[in-house]
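Colleague: What follows is each chain in one-letter form.
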Amino acid sequence: MERSTIDLWVGLFVVAGLGALTILALKVGNMGSLTGNETYSISAQFTDIGGLKPRAAVKSAGVVVGRVADISFDGDKFVAKVTMNVEKRYKFPKDSSAAIRTAGLLGEQYVGLEAGGEEAMLLSGDGIKPSLTQSAVVLEKLISQFMYNKAAEGGSPK
Amino acid sequence: MVEIIGVSYSYDRRRPILTGINMVVPRGKVVAIMGISGSGKTTLLRLIGGVMKPTTGSVIVDGQRTNELDRDGLYRMRRRMGMLFQFGALFTDLSVYDNVAFQMREHTDLPETMIHDLVMMKLDSVGLRGAHHLMPSELSGGMARRVALARSTALDPSLILYDEPFTGLDPISLGVTRNLVRKLNDALGSTSIVVTHDVQEALDVVDYVYYLSGGKMVAHGTPEQMRASTDPLVRQFVWGEADGPVAYQYPSRDFREELALV
Amino acid sequence: MFNRGAIINFRGVGHHTVDNVLRLGFATRFLVLTILHSGTCFRRMHLITRELYYTGVLSMIIIVVSGLFVGMVMGFQGYQTLKTYGSESALGVLVALSLVRELGPVVSALLFASRAGSAMTAEIGLMKTTEQLSAMEMMAVDPIARVVAPRFWAGVISMPLLAAIFSAMGVYGGYLIGVVFIGVDEGSFWAQMQSAVDFREDIVNGVIKSVVFGIAVTWIALFEGYDAPPTAEGVSGATTRTVVTSSLVILGLDFILTAFMFRGI
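Chains as they are written, first to last, in our numbering: chain S, 1 to 158; chain E, 1 to 262; chain L, 1 to 265.
Be aware that one or more of the hints could be misleading.
From the structure, some residues in chain L lie toward chain E, with a derived Cβ separation under 7 Å [what the hints assert, rightly or not]: (1) Leu-97; (2) Thr-129; (3) Thr-130; (4) Glu-131; (5) Ala-135; (6) Val-141; (7) Ile-144; (8) Ala-145.
Cross-link-like lysine-lysine pairs, in silico, DSBU-like; alpha carbons within 35 Å at most [claimed, not checked]: (9) Lys-59(S) to Lys-88(S); (10) Lys-59(S) to Lys-94(S); (11) Lys-150(S) to Lys-53(S); (12) Lys-83(L) to Lys-129(S); (13) Lys-59(S) to Lys-77(S); (14) Lys-141(S) to Lys-129(S); (15) Lys-81(S) to Lys-27(S); (16) Lys-59(S) to Lys-83(L); (17) Lys-77(S) to Lys-83(L); (18) Lys-88(S) to Lys-150(S); (19) Lys-150(S) to Lys-94(S); (20) Lys-59(S) to Lys-81(S); (21) Lys-88(S) to Lys-83(L); (22) Lys-27(S) to Lys-77(S); (23) Lys-53(S) to Lys-83(L).
These are calculated hints, taken from the structure and not from any lab test. For glycine and all other residues, C-beta sits at the position ideal for the given N, C-alpha and C.
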């Protein structure tokens, strides 16, 4: 076969392959949103992180504004410390709250940030006020709560 | 050109393939190495080509000992050698033209126009210039071997080795090949070593003959001397006698015992 | 107890094992030589380009069609299963993650081994049988540099490209069945997929897998061809061995790589 024909086909093949890779990266994956965004880190303490994992989303008003970078256990206060990388363009007031929520009923867990009202903004390294964090809803506790309430209702005189 | 001194070769320690071979191939001559199948002639050819190294003794090609050469040295030696394999061994994915041009493209920086002229000259010397565009699968056995011959002489080697060049050819191709061996050798001023068991063809064209049997050099001489020899081994080979020193029957039990008659 | 009458032929097994170990050693030396002698084919890229045509381009059809069908089947099956949990909108996630992480690299490697791998083995085995490799040696051209190395690099380059094409076609197939045919919501199909498929964790790992598979399959194919006994049965046996060994190695490596890469998830 002519060398030029072979070169043509091979060129097309390589283009197709790299194209497929690009499509996968951009349309299928989430590379588009993660490139070149600078972040700053803030931390939050939770009594129970439930099923939260590193690289989980950090959302505010439903929009992804960052990712969970690290989860560690604080041996002094016996709470979980979650470190998050939030995109630099999003600033949150110092009295913002963080809650661990679930996407859908059985979906993945993420950190929801709700902006507070203060003027001063959280800076890199700051922590969300412990009183303003809401831990994950653990299903077992919900169920036992429900059953307790039911039992209490049934037990009380009508 | 080639000297073989006291060479022995064995694959494993038990069966020696060659024992105590001594041979001299003078420059410019065509020499035949003959013997029945399995006598070790192809092994000897491989030793000369440096593909294998002798277990004992030395093979000296153009003044250089093959077992002293490293890989680069061997490659340099082989660039001045040409080898014709038994069935041509043409590269099946290349055309006739590309096959002959192969060595020129690999080892030289000649421009394509010059390579074209050289390839055409080589093909012309074997009478196949018009077939340059064909693929090896489209060639007959004889034609393939001629192309292979053109390919192996592409860089005008000073030593040409032939591994059974006459095997399986029709009478016309036989005659053509036989003449080419002599013609090319003289035209290029090279030395040729032909391994074959085609007695009549070889004796007509070579200058000297070495006869191998059972891994040993048992006879040598000019074609006339071989023809006139009274040595039973040589006689049986040269005249194609069915039985003689080389037994007809493979070693076996007594026939009557085999048939349970005794 | 240790002779032919026994149920397990111990001596035979031992002999066989030693043979295979020796062969593995030879194969490793072969791989190292191939890589060391790659200078020629990098200087003359057309050698690699030519092999890329035969391994990559000619495998495209089977990869594209298979990818499409695998994706479509996953669309069907995935929908059926997810429907029972009310999570049809996660179809995109299911299809994409299965393909990018596992099916893309693995299935395309298996197909590659069967098509391109066996072809390489047969080609080199045949060249050995017809003394073409010896002829090359005698012409002072290193057959490993000229014949083996270009094919090796062509295989290593083709494999990730083919795996990507397979995965992309698969996602498209899943889309065709799920969204166009069945009627899953298009927006959530892509949106959930995009948030679930991570570039570094999933796609890059998938590419790494396919590169590893490419090296393994091409190495096996070339070695079996180079080492094949120079007879018809020898070459045909080598071709079979290529496909079988490649398949086992792919699946085994896949397990090891998956365990290593997807530990945290």
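Colleague: Take the hints in turn and mark each one as holding or not.
Modeller: Going down the list of hints, with the structure as the test:
1. Leu-97: violated (42 Å)
2. Thr-129: violated (10 Å)
3. Thr-130: Holds. Min distance 6 Å.
4. Glu-131: holds (4 Å)
5. Ala-135: Where the cut-off is 7 Å and the nearest Cβ of chain E is about 4 Å from Ala-135(L), the hint holds.
6. Val-141: holds (5 Å)
7. Ile-144: It is violated, given that the least Cβ distance between Ile-144(L) and chain E is near 11 Å, above 7 Å.
8. Ala-145: violated (10 Å)
9. Lys-59(S) to Lys-88(S): The hint holds at about 14 Å.
10. Lys-59(S) to Lys-94(S): holds (17 Å)
11. Lys-150(S) to Lys-53(S): holds (33 Å)
12. Lys-83(L) to Lys-129(S): Given pair Lys-83(L), Lys-129(S) is violated - Cα atoms ~42 Å apart, limit 35 Å.
13. Lys-59(S) to Lys-77(S): holds (26 Å)
14. Lys-141(S) to Lys-129(S): Satisfied, since the Cα-Cα distance of roughly 24 Å is no more than 35 Å.
15. Lys-81(S) to Lys-27(S): holds (34 Å)
16. Lys-59(S) to Lys-83(L): Distance of about 27 Å is within 35 Å: holds.
17. Lys-77(S) to Lys-83(L): violated (44 Å)
18. Lys-88(S) to Lys-150(S): violated (47 Å)
19. Lys-150(S) to Lys-94(S): Roughly 40 Å between the alpha carbons, so the hint for Lys-150(S) and Lys-94(S) is violated.
20. Lys-59(S) to Lys-81(S): Holds: Lys-59(S) and Lys-81(S) sit about 18 Å apart, inside 35 Å.
21. Lys-88(S) to Lys-83(L): violated (40 Å)
22. Lys-27(S) to Lys-77(S): Distance of about 43 Å is beyond 35 Å: violated.
23. Lys-53(S) to Lys-83(L): holds (26 Å)
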